[in-house]
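**Student:** With the hints as extra help, turn the sequences into a complete structure.
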Amino acid sequence: METKKKQLGIIRHRADLRPFFWVLGVGSLQFCAFYFCDSVESAIYSALALFIPQALVGPISHNHAHYSMLKPKWMNKVLEVLMYLESGQMASKFRLHHNFGHHLHYTDPKKDTSTWVRSNGSSMNRLEYIFMYFATYTYRTVQVGKSHPALLRQFYWQQFFATAAIGILVYLNPLNALILYLVPMLLSWLVFINFTYDNHIDLHSKDDYEASMTNTNPLINFMIFNNGYHLAHHIKQGLHWSELPEFHKSIEHRIPEHLRPVIVR
Numbered sequence: 001m002e003t004k005k006k007q008l009g010i011i012r013h014r015a016d017l018r019p020f021f022w023v024l025g026v027g028s029l030q031f032c033a034f035y036f037c038d039s040v041e042s043a044i045y046s047a048l049a050l051f052i053p054q055a056l057v058g059p060i061s062h063n064h065a066h067y068s069m070l071k072p073k074w075m076n077k078v079l080e081v082l083m084y085l086e087s088g089q090m091a092s093k094f095r096l097h098h099n100f101g102h103h104l105h106y107t108d109p110k111k112d113t114s115t116w117v118r119s120n121g122s123s124m125n126r127l128e129y130i131f132m133y134f135a136t137y138t139y140r141t142v143q144v145g146k147s148h149p150a151l152l153r154q155f156y157w158q159q160f161f162a163t164a165a166i167g168i169l170v171y172l173n174p175l176n177a178l179i180l181y182l183v184p185m186l187l188s189w190l191v192f193i194n195f196t197y198d199n200h201i202d203l204h205s206k207d208d209y210e211a212s213m214t215n216t217n218p219l220i221n222f223m224i225f226n227n228g229y230h231l232a233h234h235i236k237q238g239l240h241w242s243e244l245p246e247f248h249k250s251i252e253h254r255i256p257e258h259l260r261p262v263i264v265r
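At position 219 of the sequence shown (counting the first as 1) the number is 219 in UniProt numbering, and the numbers step up by one without a gap.
One should not assume that every hint holds.
Using 20 Å as the maximum straight-line C-alpha spacing, the simulated SDA-like pairs for lysine to any residue come out as follows [said to hold, decoys possible]:
(1) K236 - E246
(2) K77 - R153
(3) K206 - N120
If you anchor each label on the Cβ, the simulated ranges turn out as follows [as the list claims (entries may be wrong)]:
(4) N120 - Y209: 24 to 32 Å
(5) P72 - G238: 19 to 27 Å
(6) V40 - Q7: 44 to 52 Å
(7) Y35 - H258: 47 to 55 Å
(8) A164 - F131: 27 to 35 Å
(9) G9 - F222: 18 to 26 Å
(10) N120 - F36: 47 to 55 Å
(11) V78 - Q237: 23 to 31 Å
(12) W157 - K206: 34 to 42 Å
(13) I11 - R118: 42 to 50 Å
(14) V40 - Q143: 38 to 46 Å
Bear in mind the hints are in silico, worked out from the structure with no lab data behind them. C-beta: ideal position from N, C-alpha, C; glycine also.
**Tutor:** Encoded structure:
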């Protein structure tokens with residue numbers, strides 16, 4: 001009964017109305033800019049205006065990969081392609097790399113797909129981490145996918161349709177596709193990777209309550225859809241993002257004070 005109260009139409013959780021319409025709104029503005037911009041200058045100005053809203057789709061895609069927003073599966077798949085065109089982050093790919101590659105092994109540098117630890121045990125600097133994450137992302141996704149063939153096939157099909165969509169955009173208007181889609185997708189993805197650096201850096205503990213950072217700043221968490229509650233998310237990754245603050249309060253006494261809050265190093 002409680003679960004049904006949280007639902008609203010095709011939305012699985014009422015709190016997802018905001019991120020759902022955010023994705024639709026950003027996608028609509030992005031396509032309108034693609035269609036109507038008739039000069040390089042107007043396309044660049046539009047891309048700059050849309051960049052922060054697009055980058056904020058990254059945390060939405062992350063949350064969706066853990067707890068999908070919509071009831072119909074096919075609608076989720078379409079939504080995931082749209083989020084990919086906005087943020088460069090494919091949910092089906094992220095599920096393999098992040099949910100199974102990172103969450104299950106984040107305290108083991110040898111298995112963690114998002115590891116920040118060098119082979120000699122020292123910590124990577126920020127740029128090194130971003131490069132390694134980005135450069136190995138697809139390879140590590142496929143490696144994890146070998147143990148989850150159904151999810152791997154899902155990623156292949158979804159990437160096929162997303163690439164086809166990009167191909168159509170490039171065919172229709174190569175320059176606008178580059179300025180309003182390809183470049184922002186890449187930069188948004190790199191921004192997301194950059195912020196994940198602060199989640200675990202220098203925390204070598206095997207204890208789940210000492211292996212992640214937490215940022216409880218209300219404004220920041222409003223903007224990034226509670227992705228600041230990273231430790232709570234690791235303890236209970238299947239919990240809906242809107243319920244993380246309450247869950248955090250229930251475990252806060254177990255979290256060392258120096259691990260909260262952290263905004264950026």
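**Student:** All hints, please: hold or fail.
**Tutor:** Structure-based check of all given hints:
1. K236 - E246: 12 Å, holds
2. K77 - R153: 13 Å, holds
3. K206 - N120: 18 Å, holds
4. N120 - Y209: 24 to 32 Å: Taking Cβ atoms as reference, N120 and Y209 lie about 27 Å apart, which means the hint holds.
5. P72 - G238: 19 to 27 Å: 20 Å, holds
6. V40 - Q7: 44 to 52 Å: 45 Å, holds
7. Y35 - H258: 47 to 55 Å: 50 Å, holds
8. A164 - F131: 27 to 35 Å: At 29 Å between Cβs, range holds.
9. G9 - F222: 18 to 26 Å: 24 Å, holds
10. N120 - F36: 47 to 55 Å: 53 Å, holds
11. V78 - Q237: 23 to 31 Å: 24 Å, holds
12. W157 - K206: 34 to 42 Å: Once the Cβ atoms are compared, 37 Å apart, the range 34 to 42 Å for K206 and W157 holds.
13. I11 - R118: 42 to 50 Å: With a Cβ separation near 43 Å, I11 and R118 satisfy 42 to 50 Å, so the hint holds.
14. V40 - Q143: 38 to 46 Å: 40 Å, holds
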